Amino acid sequence: MKAIHRNFSLFVLGLAALAALAVGFNVFWVGGSFSAGPAVSGYRAGLAGRGAHIYKNPGANIEKISMRVFHAVPKNKATEAIGSWPGLAEEALQKVSAFHELQFGGKSKISYEIFLRPIVLERDNLYYDSDSTNNGNPHALITVAEEIERRVFRESGDLFDKNFAAPREGSYPVMGIIYEGVGAVGGIIYDSDAESPEAIAKELNVPASLVYRVNVTSSDGFFLLNREFLFDPRYAPRGATILYHEFAHALGVEDRYDAKTDRASSDDIMGGGRREPIEMNYLDPTTLKEMGVF
Amino acid sequence: MRSNNIFQSKLHNKILLMMMLVGVVPLLASGVLSLYSINVSHRLNVAEIEDVLLRGTAEELSSFISGVAGIFELQVSFEQTSDIERESQNFILDQMLKEHADLEEVSFISLQGIETARKNRFYPVGVLAEDLRNESGAEKFLTARLGRNYLGPVHFTLRGPMMTIAAPVKNKNGIVISVLSGELNLRGIAEIIDRARLGNNGYLYLTERDGFTIAKSDTSALHENLNLAPLVSDILSGKNYLGPEGQMRYDSVFGGKVVGAGLYFPELSWALIAEWPVADADAILNTLSRQTVLFSFAVFLATIAFSVFLARQIVNPIRVLESGAKQVAEGKFETRVTIKTGDEIEELGDAFNEMTQGLKQLQELKDEFVFIAAHELKTPVAAIKGYLSLVLDGFAGPVSDQIKEFIGKVMNANTRLIRLVEDLLEVARSEAGRLEIAVSPTDAREPIRVTLEELKPLLEEKGIVVSYEAGDIPLALADSTRLREVMINLIGNAIKYSPKGGKIFVTHEVSGRELITRIKDTGYGISPEARKKLFGKFYRVQTSVTKDIPGTGLGLFIVKQIVEKMSGRIWVESKEGEGSIFSFALPLA
Numbered sequence: 001m002k003a004i005h006r007n008f009s010l011f012v013l014g015l016a017a018l019a020a021l022a023v024g025f026n027v028f029w030v031g032g033s034f035s036a037g038p039a040v041s042g043y044r045a046g047l048a049g050r051g052a053h054i055y056k057n058p059g060a061n062i063e064k065i066s067m068r069v070f071h072a073v074p075k076n077k078a079t080e081a082i083g084s085w086p087g088l089a090e091e092a093l094q095k096v097s098a099f100h101e102l103q104f105g106g107k108s109k110i111s112y113e114i115f116l117r118p119i120v121l122e123r124d125n126l127y128y129d130s131d132s133t134n135n136g137n138p139h140a141l142i143t144v145a146e147e148i149e150r151r152v153f154r155e156s157g158d159l160f161d162k163n164f165a166a167p168r169e170g171s172y173p174v175m176g177i178i179y180e181g182v183g184a185v186g187g188i189i190y191d192s193d194a195e196s197p198e199a200i201a202k203e204l205n206v207p208a209s210l211v212y213r214v215n216v217t218s219s220d221g222f223f224l225l226n227r228e229f230l231f232d233p234r235y236a237p238r239g240a241t242i243l244y245h246e247f248a249h250a251l252g253v254e255d256r257y258d259a260k261t262d263r264a265s266s267d268d269i270m271g272g273g274r275r276e277p278i279e280m281n282y283l284d285p286t287t288l289k290e291m292g293v294f
Numbered sequence: 001m002r003s004n005n006i007f008q009s010k011l012h013n014k015i016l017l018m019m020m021l022v023g024v025v026p027l028l029a030s031g032v033l034s035l036y037s038i039n040v041s042h043r044l045n046v047a048e049i050e051d052v053l054l055r056g057t058a059e060e061l062s063s064f065i066s067g068v069a070g071i072f073e074l075q076v077s078f079e080q081t082s083d084i085e086r087e088s089q090n091f092i093l094d095q096m097l098k099e100h101a102d103l104e105e106v107s108f109i110s111l112q113g114i115e116t117a118r119k120n121r122f123y124p125v126g127v128l129a130e131d132l133r134n135e136s137g138a139e140k141f142l143t144a145r146l147g148r149n150y151l152g153p154v155h156f157t158l159r160g161p162m163m164t165i166a167a168p169v170k171n172k173n174g175i176v177i178s179v180l181s182g183e184l185n186l187r188g189i190a191e192i193i194d195r196a197r198l199g200n201n202g203y204l205y206l207t208e209r210d211g212f213t214i215a216k217s218d219t220s221a222l223h224e225n226l227n228l229a230p231l232v233s234d235i236l237s238g239k240n241y242l243g244p245e246g247q248m249r250y251d252s253v254f255g256g257k258v259v260g261a262g263l264y265f266p267e268l269s270w271a272l273i274a275e276w277p278v279a280d281a282d283a284i285l286n287t288l289s290r291q292t293v294l295f296s297f298a299v300f301l302a303t304i305a306f307s308v309f310l311a312r313q314i315v316n317p318i319r320v321l322e323s324g325a326k327q328v329a330e331g332k333f334e335t336r337v338t339i340k341t342g343d344e345i346e347e348l349g350d351a352f353n354e355m356t357q358g359l360k361q362l363q364e365l366k367d368e369f370v371f372i373a374a375h376e377l378k379t380p381v382a383a384i385k386g387y388l389s390l391v392l393d394g395f396a397g398p399v400s401d402q403i404k405e406f407i408g409k410v411m412n413a414n415t416r417l418i419r420l421v422e423d424l425l426e427v428a429r430s431e432a433g434r435l436e437i438a439v440s441p442t443d444a445r446e447p448i449r450v451t452l453e454e455l456k457p458l459l460e461e462k463g464i465v466v467s468y469e470a471g472d473i474p475l476a477l478a479d480s481t482r483l484r485e486v487m488i489n490l491i492g493n494a495i496k497y498s499p500k501g502g503k504i505f506v507t508h509e510v511s512g513r514e515l516i517t518r519i520k521d522t523g524y525g526i527s528p529e530a531r532k533k534l535f536g537k538f539y540r541v542q543t544s545v546t547k548d549i550p551g552t553g554l555g556l557f558i559v560k561q562i563v564e565k566m567s568g569r570i571w572v573e574s575k576e577g578e579g580s581i582f583s584f585a586l587p588l589a
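Just so you know, the protein sequences line up as chains A and B, in that order.
My numbering applies: residue 1 is where the first sequence begins, and numbers increase by one.
My numbering applies: residue 1 is where the second sequence begins, and numbers increase by one.
So here's chain A without its partners, still in its complex pose (with noise of 0.2 Å):
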């Protein structure tokens, strides 16, 4: 019986193992793979261990932008604030949250609040214009934005918005003033014990004449645009190329043209690009390097 049983035994198991044979090799060969690929998790991991940041300044995170935005007029120009501006500069900041959010493929976001009154400055035109707006007017930027700030985000201020000035945790803050009068200017807002801008230059490795002291404290960056650019049909293809490339400067990026020859090493929204519609126009890859986009 024995002899039998081993026989039968090996007859079931023989079934058996050509059976499990044929099942394994068919899973091995259609299921296997001929050579391995990296992981997709390993592509996740590395896009997210990236985030965007101001330009140069990986520690300054971008990933959120809220910018918040005035129209500031003059007091002898008061006549002249634009009741609807709201609905003008609506138009404009769509196109430069949707060009930036391109350019940084969905790294970094802007979402914009936009202050519904033109805030009417205490001090007349001459006050707050400089003589020469070479350099864009940063003192048009430098004390409006003080004023804005003293008036609309200290409890004290007689246009103090609790929700409006409330801090916006987790984003970047950009200040954006539409401006009744001359000018077109950004830039980032340090916090520094220095006591001279030529300390905070050196501090900064950047041209003295490049940095102003400022008493703004709720937000990182500001920018001032003339009105025209945004509302004039003369500009109005390019308006918001004209905004944004001063916004970028908030965000810390460089110009990317000779302000003395016009002449531009680059012919994006930073350089030769400035003059182009914004639907035309890009940040040139070596920037997006430099703000962590790469």
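If you're looking for bench data, these hints aren't it; they were derived computationally from the structure.
Quick caveat: nothing in here was measured; it's all calculated off a predicted structure.
You can take every hint at face value.
So, partial list: chain A residues that the calculated Cβ filter (under 7 Å) puts toward chain B:
| hint | residue |
| --- | --- |
| 1 | Phe99 |
| 2 | Leu102 |
| 3 | Gly105 |
| 4 | Ala264 |
| 5 | Gly272 |
| 6 | Met280 |
| 7 | Tyr282 |
| 8 | Pro285 |
Backbone N, C-alpha and C define an ideal beta-carbon position, used for all residues, glycine too.
Given chain A's structure and the hints, the job is docking chain B onto it.
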């Protein structure tokens, strides 16, 4: 007793295993080879399909780019080295924008690097003079100024991916007199990529030198940074993933496992990648593999079933022959086997039948000879017996003691001869069917008592005690004379094969419709091998103890014939050294 379980036959199992080796192993090998071939062939096919698509698409893309670049290669028909007139510049730019919808902007740049005219879709009449740009530092100008065409990197705009193209404008003598520049919308490329189809769900995508997607078949994921995605960085570094060796399987950034291949554009530093979801690419492979496995399994089962059938076909006739041979061994020469296989085995069966026929004839001749010989011997030995008795009785004169002794020995020898002749005649009669049995309700006790009385001298001679507890027993159907003959044989054997001082027990038992009589002794016992042959003709148990005990070897054969003729049966139980029990059963009256 042999079981009918098919797997108990060694020959059957051998044939089955041989069939599996001969049939199943090659089947399995061919199945494995088929699957392997299908896989390899499929791999080559997938690689070829992807290669053809990639190369075809790459050719289309190159043709598109070179076609557009060719538009910028402007050569005027005059020899002057000064710039083209503004009016002509504006005309040329208008025509370029009108004829090529993918051009978003075109401009002339003087040799000093200053734009002299620029038109785009937003400023169809041209930009203001104050907005003309100083391009003296731009790479496109610097490249074209040296007489070379410039294909810039891709930049991503709200109107889609664009590329800057610039080319020198030359005079009749090939001298560069200005630069023609433009912005090409790459929607034409997107259309080419979109047209490319790879199975049901496969797709292509194109990335620029930094790994950002310019176009993808389903238009999704534009300007997504894929520099760290599988293949992309390698391809952008100049490596191609083509052919079976280049083909890769990996998890795509767009989801799912894919079969990927890719191509590098050296002129533009672009990467064109094809990804084919494995589920789609391998759909036909899975179907073929499944069918092959199922078919192989079905053939495997059919082979096993056929092997079992074939093994049975071979083994069954052999079993019939085996059974027939055993019956012949038992002396049943009338045995016939029926084998209808139409081959040599059937011929073997026929030969077997012829052999048994011959054996039967031989047996009949032998029986006839034995009967005649025995019959012819009976008269002389009877005469010898009679005359010896007369001599011993003194009818031939005085007989000395020595002569008496000699004649006594002759008498004994003659008695054994008579017994042999009688046994041979009995056997001959039995085998000739002439054994006369007349059964009737019989009291079995009487023949037994007579027998015991008859054998009393022998019992006393060996000092053997017989115990017979007759009791009340029913009548059995038996021939009284033959029953006595049976008892003489069985008790006589018990006496012969028991040592002096032994004991014999005769008992009855009613079981069902049978009367069983048992003769138990305390003799030498019988081995299992001997028991199998005990009731055969001329068989005698040959041991060191029994070899000198006289006998013909026909007694138990005759007993068995007689019992069976009376519709009874006989059997023996024994253990060497402990005695034996002979039992026979007769039907109750």
